[in-house]
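> Sequence:
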Amino acid sequence: MTHAREVVFPAGARIFEEGRRADRFWLLSSGTVQLDVRVPTRPHAVVDELHTGDLLGWSWLITPHVWHFGARAVGPVRALEFDGAEVRQMCQEDAELGRSLALFVARTVAQRLHRSRNRLLDLYGPQGLAALSDPSEEN
Numbered sequence: 001m002t003h004a005r006e007v008v009f010p011a012g013a014r015i016f017e018e019g020r021r022a023d024r025f026w027l028l029s030s031g032t033v034q035l036d037v038r039v040p041t042r043p044h045a046v047v048d049e050l051h052t053g054d055l056l057g058w059s060w061l062i063t064p065h066v067w068h069f070g071a072r073a074v075g076p077v078r079a080l081e082f083d084g085a086e087v088r089q090m091c092q093e094d095a096e097l098g099r100s101l102a103l104f105v106a107r108t109v110a111q112r113l114h115r116s117r118n119r120l121l122d123l124y125g126p127q128g129l130a131a132l133s134d135p136s137e138e139n
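Here the sequence shown is numbered in the UniProt record's numbering, starting from 1 and rising by one per residue.
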């Protein structure tokens, strides 16, 4: 936490863009951030919402350090910001820190994948649920 700095993003601010260099991450202190993807000839498509206590950004940890999504502040957002290269160096020097941080990020990614799966099931209804079921469960 001694390496964190508090930042504020105004409502509507683009925090980062999909495809650009990922060099930092944030722990949200307050507010809501939407994660989105670019869709050709359309507005960005929102894929997730993050709230107080959530980790914003994991691409800084995994090569090639490029954002997989974009992020926009829905309303005013306060967060603690960390420099990705500095934290990666700290992890190199302290294996336990590196392990703990990698597990934290992995849990975050797994939770987001689970939420995405649920959203897809909501979008595609019962036929989507049937298509995703395990055929071995029918016996």
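Hints listed in this document are in silico derivations from the structure and should not be mistaken for laboratory results.
Keep in mind that a hint or two might mislead.
What follows is a set of in silico ranges between Cβ atoms, one per label pair, in the way DEER data are often shown [claimed, not checked]:
1) V66 to E86: 11 to 21 Å
2) S100 to P40: 36 to 46 Å
3) Q92 to P40: 34 to 44 Å
4) L121 to G98: 28 to 38 Å
5) Q92 to A13: 23 to 33 Å
6) H114 to L80: 36 to 46 Å
Glycine included, each C-beta is placed from N, C-alpha and C at the ideal position.
> Decide, hint by hint, whether the structure agrees.
Hints, verified against the model:
no.	hint	result
1	V66 to E86: 11 to 21 Å	18 Å, holds
2	S100 to P40: 36 to 46 Å	40 Å, holds
3	Q92 to P40: 34 to 44 Å	39 Å, holds
4	L121 to G98: 28 to 38 Å	35 Å, holds
5	Q92 to A13: 23 to 33 Å	32 Å, holds
6	H114 to L80: 36 to 46 Å	25 Å, violated
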